[in-house]
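There are 2 protein chains.
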Amino acid sequence: MNAGVGSNLYIGLVHYPIYDRRRDVVATAVTNFDIHDLARCARTFGVEGFYVITPLESQILLVQRIIRHWVEGTGSIYNPARKESLSLVKICRTIDEAEGEISSSWGKKAILVATGASNHPGSIQFSALGKMLKDQNTPFLILFGTGWGLTQEVKESSDYVLAPIGGMGYNHLSVRSAVAIILDRLLGDRLSSSE
Amino acid sequence: MNAGVGSNLYIGLVHYPIYDRRRDVVATAVTNFDIHDLARCARTFGVEGFYVITPLESQILLVQRIIRHWVEGTGSIYNPARKESLSLVKICRTIDEAEGEISSSWGKKAILVATGASNHPGSIQFSALGKMLKDQNTPFLILFGTGWGLTQEVKESSDYVLAPIGGMGYNHLSVRSAVAIILDRLLGDRLSSSE
Numbered sequence: 019m020n021a022g023v024g025s026n027l028y029i030g031l032v033h034y035p036i037y038d039r040r041r042d043v044v045a046t047a048v049t050n051f052d053i054h055d056l057a058r059c060a061r062t063f064g065v066e067g068f069y070v071i072t073p074l075e076s077q078i079l080l081v082q083r084i085i086r087h088w089v090e091g092t093g094s095i096y097n098p099a100r101k102e103s104l105s106l107v108k109i110c111r112t113i114d115e116a117e118g119e120i121s122s123s124w125g126k127k128a129i130l131v132a133t134g135a136s137n138h139p140g141s142i143q144f145s146a147l148g149k150m151l152k153d154q155n156t157p158f159l160i161l162f163g164t165g166w167g168l169t170q171e172v173k174e175s176s177d178y179v180l181a182p183i184g185g186m187g188y189n190h191l192s193v194r195s196a197v198a199i200i201l202d203r204l205l206g207d208r209l210s211s212s213e
Numbered sequence: 019m020n021a022g023v024g025s026n027l028y029i030g031l032v033h034y035p036i037y038d039r040r041r042d043v044v045a046t047a048v049t050n051f052d053i054h055d056l057a058r059c060a061r062t063f064g065v066e067g068f069y070v071i072t073p074l075e076s077q078i079l080l081v082q083r084i085i086r087h088w089v090e091g092t093g094s095i096y097n098p099a100r101k102e103s104l105s106l107v108k109i110c111r112t113i114d115e116a117e118g119e120i121s122s123s124w125g126k127k128a129i130l131v132a133t134g135a136s137n138h139p140g141s142i143q144f145s146a147l148g149k150m151l152k153d154q155n156t157p158f159l160i161l162f163g164t165g166w167g168l169t170q171e172v173k174e175s176s177d178y179v180l181a182p183i184g185g186m187g188y189n190h191l192s193v194r195s196a197v198a199i200i201l202d203r204l205l206g207d208r209l210s211s212s213e
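If you're matching them up, the sequences are chains A and B in order. FYI, the numbering for the first sequence is 19 to 213, going by our numbering. FYI, the numbering for the second sequence is 19 to 213, going by our numbering.
Hints were generated in silico from the structure; no laboratory data involved. Among the clues, some could well be false.
The list treats identical chains as interchangeable, and a pair is accepted whether it falls inside one copy or across any two copies.
[Unchecked claim] Below, in silico cross-link-like pairs of lysine to any residue (SDA-like), each with a Cα-Cα straight-line distance of 25 angstroms or less:
| hint | residue 1 | residue 2 |
| --- | --- | --- |
| 1 | K149 | Y188 |
| 2 | K101 | Y37 |
| 3 | K152 | G187 |
| 4 | K126 | T156 |
Generate the whole structure from the sequences, applying the supplied hints.
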């Protein structure tokens, strides 16, 4: 089950519960570019699985259609590298469902890590989380928010909240950029780069 | 002119000359998500300017329309943070034109750095380029390819080619993810993160 480097790490892209710009709690729509970019990052950094989390039936059907096209359909012949990355995508209706799936396959509760652009009291630093990830016997699920971010409730019910990326007084990266940077900071030293 | 940290660095998103999947040289279409994600990264990391490089009139008009909407139009009221990042976007028809614009405003030739997913003989490492960027009196333009990447000719006519990001035998990040990771590796230590 734990077949290689990076394989104790899972990422989840959360579409509910999410804040909108007025801080109302909503379910956001799935963005095609998110699925592709995060799957490609996940594959690059040896992430074990990428959960798209949405309770909306229409959005689940959309994600299934995207995956099918690239993993089984004509897309898989057009671009085999895309097949490889999109094979990592799984769909769950809730964060609990994703966590439960990981925990039961490992026989061990997955550690939940929330992320966000703002400061959170007691947040964990990149270096500390990076060290914890080296314990290959414990599964981790890092949650990324869409829209205006994960709700306070999700952060408080997670085991850890990761420190924000920061940014010269401007904290408005896309979730696609944030995932790329966070995975590189946590797992970049596992890459075969000559750096 | 050199008004602050990061201000000697420019990024360029190249749409011509670019390889397509058959390694033919083409002009690629502009992707709306690229403009937004790269502009937001540029603003986050204190990049001085973001050049969208395309010779195609239709694509220039498209980029102008996107910028206008977010910098002057209703988008600027809807989302002022987006206005701030998209204000960094400039349009040039060629790499030479972008380089010339930077060089003439600095009275000093800009150093061109090409990027790519594959190994290039004599490429410069992230740490070495990061150190060079600290020379705030010299402007740098880092070029990112769309499609299947920058042509060999562009790489050879650049001053440096940056080492690839690497990735467990899989090198198929989106340009959006690659830009985020590269800027973080080069400039991440300038951020006000508590890390």
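Here's how the hints hold up against the structure:
1. K149 <-> Y188: Answer is between: at 24 angstroms across copies they meet the 25 angstroms cutoff, but 28 angstroms inside does not.
2. K101 <-> Y37: between (32 angstroms within a copy, 21 angstroms between copies)
3. K152 <-> G187: So K152 and G187 pass the 25 angstroms test across copies only (20 angstroms; inside, 32 angstroms).
4. K126 <-> T156: The answer is within: 7 angstroms in one copy meets 25 angstroms, while 53 angstroms across copies does not.
Hint compliance for this structure: every hint is met.
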